[in-house]
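K.L.:
Take a look at the letters that make up each chain.
Number of protein chains: 2
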Amino acid sequence: MPEKLITLVLHGGAGTILRSEMTPEKEQRYTEALERALDLGYGVLENGGSALDAVETTVRELEDCPLFNAGRGSVFTATGGHEMDACIMDGRERQAGAVSLVRNIRNPVSLARLVMEKSGHVFLAGEGAEEFARQQGCMTEPAGYFHDDFRYAQWREVAGSDTVQLDHSASRAGGMAETPLKDHKFGTVGAAALDAQGNLAAATSTGGLTNKRFGRIGDSPVIGAGNFADNSTCAVSCTGSGEYFLRGVVAYDVACLMEHKGWSLAEACREVVHKRLLRLNGDGGLIAVDAQGHFALEFNTEGMYRAVRNSAGLRQVLIYGND
Amino acid sequence: MPEKLITLVLHGGAGTILRSEMTPEKEQRYTEALERALDLGYGVLENGGSALDAVETTVRELEDCPLFNAGRGSVFTATGGHEMDACIMDGRERQAGAVSLVRNIRNPVSLARLVMEKSGHVFLAGEGAEEFARQQGCMTEPAGYFHDDFRYAQWREVAGSDTVQLDHSASRAGGMAETPLKDHKFGTVGAAALDAQGNLAAATSTGGLTNKRFGRIGDSPVIGAGNFADNSTCAVSCTGSGEYFLRGVVAYDVACLMEHKGWSLAEACREVVHKRLLRLNGDGGLIAVDAQGHFALEFNTEGMYRAVRNSAGLRQVLIYGND
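Chains A and B supply the protein sequences, listed in that same order.
Heads up: the first sequence begins at 1 in the working numbering, then just goes up one per residue.
Heads up: the second sequence begins at 1001 in the working numbering, then just goes up one per residue.
Hints are supplied without guarantee of correctness; some may be wrong.
Just a few of them, taken from the derived set where beta-carbon distance is under 10 Å, the chain A residues facing chain B [what the hints assert, rightly or not]: (1) 93; (2) 96; (3) 121; (4) 123; (5) 125; (6) 129; (7) 213; (8) 216; (9) 242; (10) 247; (11) 252; (12) 257.
Straight-line distance between alpha carbons at most 25 Å, and here's what the computed PhoX-like set of lysine-lysine pairs gives [unchecked claim]: (13) A:275 to B:1261; (14) A:261 to A:4; (15) B:1275 to B:1261; (16) A:261 to B:1275; (17) B:1004 to B:1261; (18) A:261 to A:275; (19) A:261 to B:1261.
If you're looking for bench data, these hints aren't it; they were derived computationally from the structure.
Where a beta carbon is used, it is the ideal one built from N, C-alpha and C, also for glycine.
For reference, chain A alone in the conformation it holds in the complex (with noise of 0.2 Å):
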């Protein structure tokens, strides 16, 4: 083994993404959104920062990208609003914050991470997670920031139904009602990195469900499920169908593989992803990184937004499953 790798991976969600139904155009946006994401938060770790530090960088600049479900570019709400979800962990003692179903925050991964070093709790929801935004002088956008046409006219086509949209995927879903395939992708953002002292750190977030109700949360905001951090094992982000995550325990178990059975980063995401979770009958992804720098892509959908960047010099974005 090598010394260790200073390295970067994030998403940017995964689902039904063919390179038949994407233009060069689109995709051009994509991957110019995914290097500027990748390349602002490997700079964090160049630079000697945390990898905390870099994790919330790269999440920041996925949130203000309107291409993907989160922050700016969150989908729809029944109501037709947006409610976000978030969380951030720091792999040297498991600290870590989260907030659900907060409106209005412009980066919610940043007010997780408020959370998790200025609340003395790790998990704040609704309008409290507003109140304590407030006080800690989180930045917020009106209700238009969030406003992209592509999104209204997704949340228009189901609005008034009891339809939710996984963003954007053809969802196995069980209950839920079926859901339009106009795009077939599930809408997450997330990132993980190995920084130079060795330190890992991992973080998520989510607008969630085209047309959701009833205060959903999933699994990007729940430590374990959508994201986890221990330098002792791994730092995971999730995507995917987020019922099946929580019930998974998804991205600890990937951890639990680690320790318990000594196995290599790489043997326990694709055991999770191939295996346990598809028991489930869950789809989607993760993206993880290890203490020594190994790094995992993994999804059992078509395709996932994904890029890696480390200090061997690789720097790669892809998007669909034979890249």
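Chain A is fixed; fit chain B onto it per the hints.
P.N.:
Chain B only, in chain A's frame:
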């Protein structure tokens, strides 16, 4: 190993529960309440009912009792109200339902079950969850139902301050203000069961922290943290300093040690409660049962309200550490 034993275990919270601070009358009230919930839940199993029905029945009874911090006995939030969390999980196919920050719901555990069976989702929170409850005809109660003079006095002591109070424990919760040490017990109730068909289930319910703010969510409604069930390993319900149980993914941690290392339920529970949880500075306990009817009632605090009954004729209610 003899044949499988149908088994019910329950808890009513852990913490600084000392014989020296208990009056005979108070001890008797707690004992009777625990026995009542135990026998009701066990009766379901004895009549051939499912583990899922048994844990719901048990937790409903504990929610209806003002002695425990869940349902009717829930502590007051910072605004003088009540916000409750609950989770239920079926070990057959890892189906699960959870609710958080719900008000006026008489039995949050039954709402969690409706979420599992009727919503197509797993985790609903706040006003959205309450709207779903109304749609489902879930029984609600006015604020007065949840009023208890003792809880109100507890809250008045800290109301208007930033102090939160873990019901009822000397807290090691990092970053939280020092808590008054009047009533040292973590307020959560839970049950786990093995039925005659060999199925496992677990349920957990709580009123959270006295004077809690910001829509704080603890481990109780989080699958893998405060509650977990899978027929292939175990059913677990936790109680303790929620933030640490979230970071430790405690309930699933027990299951993983059994699955991956082949440990017994007793070994796994001891390791998790006395080593892995303490490494994070977390205090509290858990109850658990496996598919053979082995059970564990493990805690690292001075006491835990707990009980067990099984088809071998065991019927026991315990409170203190040296019982």
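K.L.:
Now tell me if each hint is right for this structure.
P.N.:
Tested hints:
1. A cut of 10 Å between beta carbons decides the hint on residue 93 of chain A: the least distance to chain B is about 8 Å, and the hint holds.
2. For residue 96 of chain A, the interface hint holds, since its Cβ comes within 10 Å of a Cβ in chain B; the closest pair sits about 6 Å apart.
3. Proximity of residue 121 of chain A to chain B holds as hinted, the smallest CB-CB distance being about 5 Å (cut-off 10 Å).
4. Evaluation of the residue 123 of chain A hint against chain B yields a held restraint, the C-beta minimum of about 4 Å falling below 10 Å.
5. Contact between residue 125 of chain A and chain B, as hinted, is supported at the beta carbon level, the nearest pair being about 4 Å apart and thus within 10 Å.
6. A distance limit of 10 Å between C-beta atoms decides the matter here; for residue 129 of chain A the minimum to chain B is near 5 Å, and the interface restraint holds.
7. Proximity of residue 213 of chain A to chain B holds as hinted, the smallest CB-CB distance being about 6 Å (cut-off 10 Å).
8. Taking 10 Å as the C-beta cut-off, the interface hint given for residue 216 of chain A holds, the closest approach to chain B being about 5 Å.
9. Annotation: residue 242 of chain A was flagged as interfacial toward chain B, and the flag holds, the nearest CB pair being 8 Å apart, inside 10 Å.
10. Nearest Cβ of chain B to the Cβ of residue 247 of chain A: about 5 Å, under the 10 Å cut. The hint holds.
11. Because the closest C-beta pair between residue 252 of chain A and chain B is about 5 Å apart, less than 10 Å, the hint holds.
12. A cut of 10 Å between beta carbons decides the hint on residue 257 of chain A: the least distance to chain B is about 7 Å, and the hint holds.
13. For the hint linking residue 275 of chain A to residue 1261 of chain B, the alpha-carbon distance of about 19 Å falls within 25 Å, and the restraint holds.
14. Using a Cα cut-off of 25 Å, the hinted pair residue 261 of chain A and residue 4 of chain A holds, with the two alpha carbons roughly 22 Å apart.
15. A hinted pair counts as satisfied when its Cα atoms are at most 25 Å apart, and residue 1275 of chain B with residue 1261 of chain B qualifies at roughly 16 Å.
16. A threshold of 25 Å between alpha carbons decides the hint, and for residue 261 of chain A with residue 1275 of chain B the separation of about 19 Å falls inside it, so the pair holds.
17. Taken as a hint, the residue 1004 of chain B and residue 1261 of chain B pair is honoured in the structure, with Cα atoms around 22 Å apart against an allowance of 25 Å.
18. Taking the CA atoms of residue 261 of chain A and residue 275 of chain A, the gap is near 16 Å; set against the 25 Å cutoff, the hint holds.
19. Under the criterion of a C-alpha separation no larger than 25 Å, the hint pairing residue 261 of chain A with residue 1261 of chain B is consistent with the structure, at around 7 Å.
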